[in-house]
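*Asks:* Sequence:
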Amino acid sequence: MKNIRSGGACALACVLLAACGGGGGGGDNTSGPPPASVDYFPVPAQARWIYAADDGSIERVDVVAPATTAQGQGVSMVTSDASGALLDSTIAYADASGVTIYPPPDVTGFEHDVGPLKLLAFPPSAGQSFTEIDKTVTSSDFDGDGKPDPVALKSVVTVVGFESVDVPAGHVANALHVRTDSTETVKPTSGGPAYTFRSVVDDWYGPNIGLVRSTEVDYPDGVTAETPTTLTLSAYRVGSVRSETQAPTVTATAPGAVARANGADVSVTFSEAVDADTLASGWRILDASGQAVEGHVTMVGTTAHFVPDSAWAGGSYSATLSTGVTDLIGNPLAQAASWTFSLDATGPALLSATPADGTSQLPLNAPIVLNFSEPVAAASANAGTLWASDGSNAVGFAIAVDGASVTLTPTTAWPLRKTLQLSITGITDAVGNPMAAGANLSFQTDSGAFGYPQSLLSNQAAYGSVITDLDGDGHADFVYTGQTPDGRIAPFVRYGLAGGGLEAPVQLLAGDGDNCSQSDQIRVVDLDGDGRRDVAVGGTWCTWRVLRQTAPRQFTAGESFGYVLNGGAAVVDLDGDGIPEFVGQMDSGRVAVWTQDGARRFGATPVVTTLPSFGGGSLHVADLYGSGVPELVYAGGGNFDSGVSVWQRQVDGSYALRTQMDTGFQMIEDIAVGDVNGDGRPDIVAAIGDYPTQTCVFLQQADGSFAPCVHYPALTWSSAVRIADVDGDGRPDVLVEYSGWGTFGVLYQQADGTLAPEVDYAAPYGSSMASFAVGDLTGDGRPDVVLDGMLMRQRTPGSGDAAPLATPGLAHALRASHLMRALRHPATPSHGSKAGT
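Under mature numbering (1 follows the signal peptide of the UniProt record, and there is no 0), read the sequence shown as residues -18 to -1, 1 to 819, first letter to last.
Rather than coming from a laboratory, the hints here were simulated on the basis of the structure. A portion of the hints provided could be inaccurate.
[To be verified] Computed cross-link-like contacts, DSSO-like style, restricted to lysine-lysine with a CA-CA straight-line distance of at most 30 Å:
(1) K117 with K136
(2) K117 with K129
(3) K100 with K169
Nothing here was measured: the structure is a model prediction, and the numbers come from that model.
Put together the whole structure using the sequences plus the hints.
*Replies:* This is how it looks when you write it as structure tokens:
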């Protein structure tokens, strides 16, 4: 329990005693009563006392207004803390007989019941003593039983004498030393034992100043003393008398030239604490338009902070301090002050990147420069705000900041053939404004020998693909099967141009098409010996049909004949008579051969040969032994699920098994034939579509047999294989396609006849075996790769992607229109010279 005079128990004297904190003792005793003119409790209209507690806190007591008491006209006095927050209030009445303090009119409960207290008796004399209070009040429940407990209050005031006291406000002679000994005895209604709280307060009142020191010692159990607490007078203003007249000065202002608007600390520091009330009118802040900023002021020590009613906006501001600003006892500011500052409310924005977002073929050692709208804080550009990944792993880089530019340099090198994702977030400007929105950039790093996929078609899918010079003009053309507007599958072509570009797509024959969804096989060969290449198109379980080229770029519908399985079809001269046959694999081990008659037309009925021990594998035709008569090569099927078998044509046209090899794996997806070790003899390469994923190479020996499979690790399940000299060194290489993995690989043939480990390149996802084509489509002398209508152009590593193959503009569209008219009227000449792109 606190003393009835303390702030915690609503003491009536707490305004002057200021919570009775601190420690200390009295001063030198002096004898004799004070002169009659001495006023120990002056309360003029302009009076303020500043007290310092021994815990470092500051309390301020002000006379604020006249107030009426039962004895007559008094004054209202309030106590506040250093920030101006109200702590307590009371009403004091002083006359020739002494000083009485009253509770405020709106007070209820314990403080109201205590009522007025006589604080001092005049004239004072040493040894003088009077009872301040001796009564019992019942207004508070101290034992928690829900009933108010009676409290017996007794307080005796004794004049100790007149002494000299030194306080921060100065030396005070002839100070009136008064001791107040108070007890509060609670008698619980719950029947528990009574308990007593005692406090002894020593107050010193300076002549014509008022209270200058107060020391309190509490006895919570009525006997044992706690550590004394003390308040001492730091400064005062009593009427026109002040403890000091030093004018405050401005020592610092904030912010400086530019600061962050969000949470900006607009402040001014003085040489001493100033009166926050005077800052309310004496400190003005104007925005760029000259409008006053509304807000309020808080004081922390000697620094005043301006807090706007609304958030700070970006822009320039001016601040002024008038001499109406005073210190705590009324000394005005030494001179007016003014300053300007700017607040930045906008964070940096990413304007661009060099190379640009979406760049393909980013060199592996190239830095990436990020260009922002304003200089950025170097410390904010770090591993937490800048992050790069290749889709699977984080990528390291060094960071350098130069004003508004941030340069990212790979620690070693950017990963080859990857999509580099760069995340940018949390970058701040020099004053701490963060980016309003992060950014995500994407770069495709150097893809190596083959560029990233470029679409050859705009609104059409390519199911089967062939790169060939269809029209015989010396430039490669892109022939493919695609969907017609009426939903059928038909062959289309983009003819090659002299400059390496391609003309717009045209259908080989208007009105042509098949409703078979798997019509994805294309074979291009001169069927009738007229020097012009013809087209056979079909697919698994699809009827094959022939489009014959009757004049350059003019086609007519030819024969249609039966179906074959698994894309196992070839147009080749099987018997060496110079006239190609059409050979295809059917079901149950049957091989069908359609021959041409004297008019060079395929008959409707094939010659069917059933090969023993052959099931549902895939058929390939190749001249393995250089005889001019090709062999049939089967991959998988029946008893050869994991093997490859070679069937040689007999004199009577039948086929006999020449040799068979086992890969040791199931699911052979595709095979290719070519010399992959440089000995001049065709070898067989099998793409394995089962675990463990391998590319299997059967090398042909001098006696025509094949050595056991040499296994080369593959990326994953492979679905197609091709053989071509892609690097121009005269040695055929092996290309493997991985359907659904966005990749194709190349095993380059080395000088010693072995294949180097596979190098993988980017490809479209979900590509099909039939759409895998290899050839120089761009006219630069290097073979390219096409998958699903996407071109992977062969390039020089580090050179950047070449421009996509051009789709012609109006002139080529008119030319295509002319060709379509010619198709409808075959007698009309239509073939002229090509224009470059």
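*Asks:* Now, for every hint given, state plainly whether the structure supports it.
*Replies:* Evaluation of the provided hints:
1. K117 with K136: 7 Å, holds
2. K117 with K129: 19 Å, holds
3. K100 with K169: Holds, at about 25 Å.
Of the numbered hints stated above, none is contradicted by the structure.
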